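J.: As a plain string of letters, each chain reads:
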Amino acid sequence: MRSMGRTDLPAEQQRALRKATHWVWFTIAYTSVTITLIAFVVGGSQAMKTAWIEDMLSLIPQIAFLISLLFIRRAPTRKFPYGLHRVMGVGHLVAGVALLAIGGNLAIESVSGLLAAEHPAIGTVHVFGQTIWLGWFMVAVMILVVPGPFFYGHAKAKLAPVLHNKVLFADADMAKADWTTTVASIVGVLGIGIGWWWLDGAAALFISLGIVWDGVKNSRSAVLDLIDQRARTHDDGKPHPLADRIVHDLEAQPWVRRASVRMRDMGQVFHVEAFVVPERNRVRLDQIEAARRHVAGLDWKVQDVVVIPTTSLPPETQD
Amino acid sequence: MRVGAAVLAAVMAVALTGCGLTVPTDPEGTLDRITGGELRVGASPSAGLVATIGEGADVEVSGPLPALIEGFAAEREARIAWTVGGEEELVDGLEAGDLDLVIGGITDATPWVDRASVTRGYPGLPGADGRSIVLLLPLGENALQSALETFLDGEVK
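In order, the protein sequences belong to chains A and B. To convert, take the position in the first sequence, counting from 1, and add 68; that gives this note's numbering. To convert, take the position in the second sequence, counting from 1, and add 23; that gives this note's numbering.
Honestly, the hints are just simulated from the structure, not real lab data. Keep in mind that this is a model prediction, so the values were computed, not measured. Backbone N, C-alpha and C fix where the C-beta goes; we use that ideal spot for every residue, glycine too. You may find that some hints are simply not true.
To be verified - Examples of chain A residues toward chain B, derived with CB under 8 Å:
| no. | residue |
| --- | --- |
| 1 | ALA84 |
| 2 | GLY203 |
| 3 | ILE260 |
Working from the sequences, and respecting the hints, build out all of it.
T.: Structure below.
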C-alpha cells in the first residue's frame, strides 16, 4: 500500500505556493525597509512606537510560514505517521500568542500614559540648514509606507483559499487592515502637532487593541484546529463542504446503506475517517479500497483517508 | 472605526490648514505665555557653562549658556526669572509647571527623559567642552521646543 498522507501538490497548488512564497519574501523585505525608515523618526509619539512594533510583529507570521514549509513537505514516517502538517498550526499559534502578549502590553502602556496625562514630546531636526518639526517627517514616512500592505495583502488573500492555508489567510487579512494602523499613527502625530496630546495615546490604544484582536483571532483559529475541531473552510466561516460531499458519494455506492465522516484540518490538508454501514453483513476488500480511492480523488486536500465498515455510525461524526 | 479614523484625519487636515493653527502647538500654551511675558528658567551651576552669584531673588546667573537663553528671551521679548537649584529640584519645578526651561551641565545621556522634554544635543556650545549639551523643557511643550531649537540652530555653530 502506498503512503497515505499527501506531501506533494497538484500543479495549481504548486503555482500558488510558489507565488505565496514570493509574496512572503517580498513582505519581509518591504517590512524591513519600513521598520528601518520608522526607526529614524519614531520620536516621542506612543502611536508611532505602537505602529512600529506592529510592523515588527507582522514579520512573525511570515517567518512561521516559511519555516513550516520546510516541514510540511516531508512524507509521513513511522515516527510521524500523519506527516508534519501540524507544524503550520503550531506556527500560527506562536504568531497569535505573540500578537496577544505584545498587543496587550502596548494597550496597557498607552492607557497608563493617558491616565498619567503624559504629554508626548516631539522635537525638531536640523536638515540642510533648516529646522523642521520631526512630526512632519513622521507623517511623511507613514504616508510613504501605506500602499505596500494593501498590495501584498490582496495578493495573499487570493492565494490563501487555493492553498487552504490559514496562516496565509490570517496574514493577508491583517495586511489588508494595516492602513488603519498607519492612518491612526498619523492622526496621533497630528494630534500632538495641534496640542491635543491625548490623541496620540488614543491612537496608540486603537492600534494596540487592533493587535490584541488579531492575536485573539489567530490564537483561537490555531487552537481550534490543533484540538481537532471538524475541518472548516480557510476563513473558518463554515464547516468544510468536502465532508458532505464525501458522505454523499459514499452513500451513493450500492453496497453502502449509511455513511458518516470525521474530518480534521491538519493545516493545508485534511485527515478523513469515513464510517460506512454496509447493506449486508459481508463487505469486499476491493469495494472498500475503491471507496477509499474515490474519496482520495475528490480533492487534493483529502489524501489521508480511511474507510471503516461498522454496524452503526458514531454519533459525533457528520452524516 | 476605520471610517471614523479617516474622518478624523480629514477633520484635522482642515483644522490644520483652515484655522490658522501653528504646528506644533503647546498643549499648555507655554510659548504664547512667555512671548512678551516672563520666561522662568531654572539654572543648575556647571563649571564653564553656568555660574551663579548670590541666592534667592537677587541671584545673578552668568556664563555662555545663560547668555544664549538671554538671547532667546530677547527674541521673544520676554523677561527672565532665574531659579537656581539642583537638577532634581529644577525638574520637579518643570513638572509642577513652575519653570519653563532648565539649563545646566546636562548632556544627551540625561536620565530625565521620562520627566522632561529634552532638546537635541549641542556639542558646539561655548564651554561645552565636547559634551553634547541639552536643555530641559516641560514634557510635550513642542512649540516651545521647536522655537528654542530653531534659535539654538541659528546661534550655535
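J.: Output the numbers, in ascending order, of every earlier hint that fails for this structure.
T.: Number 1 only.
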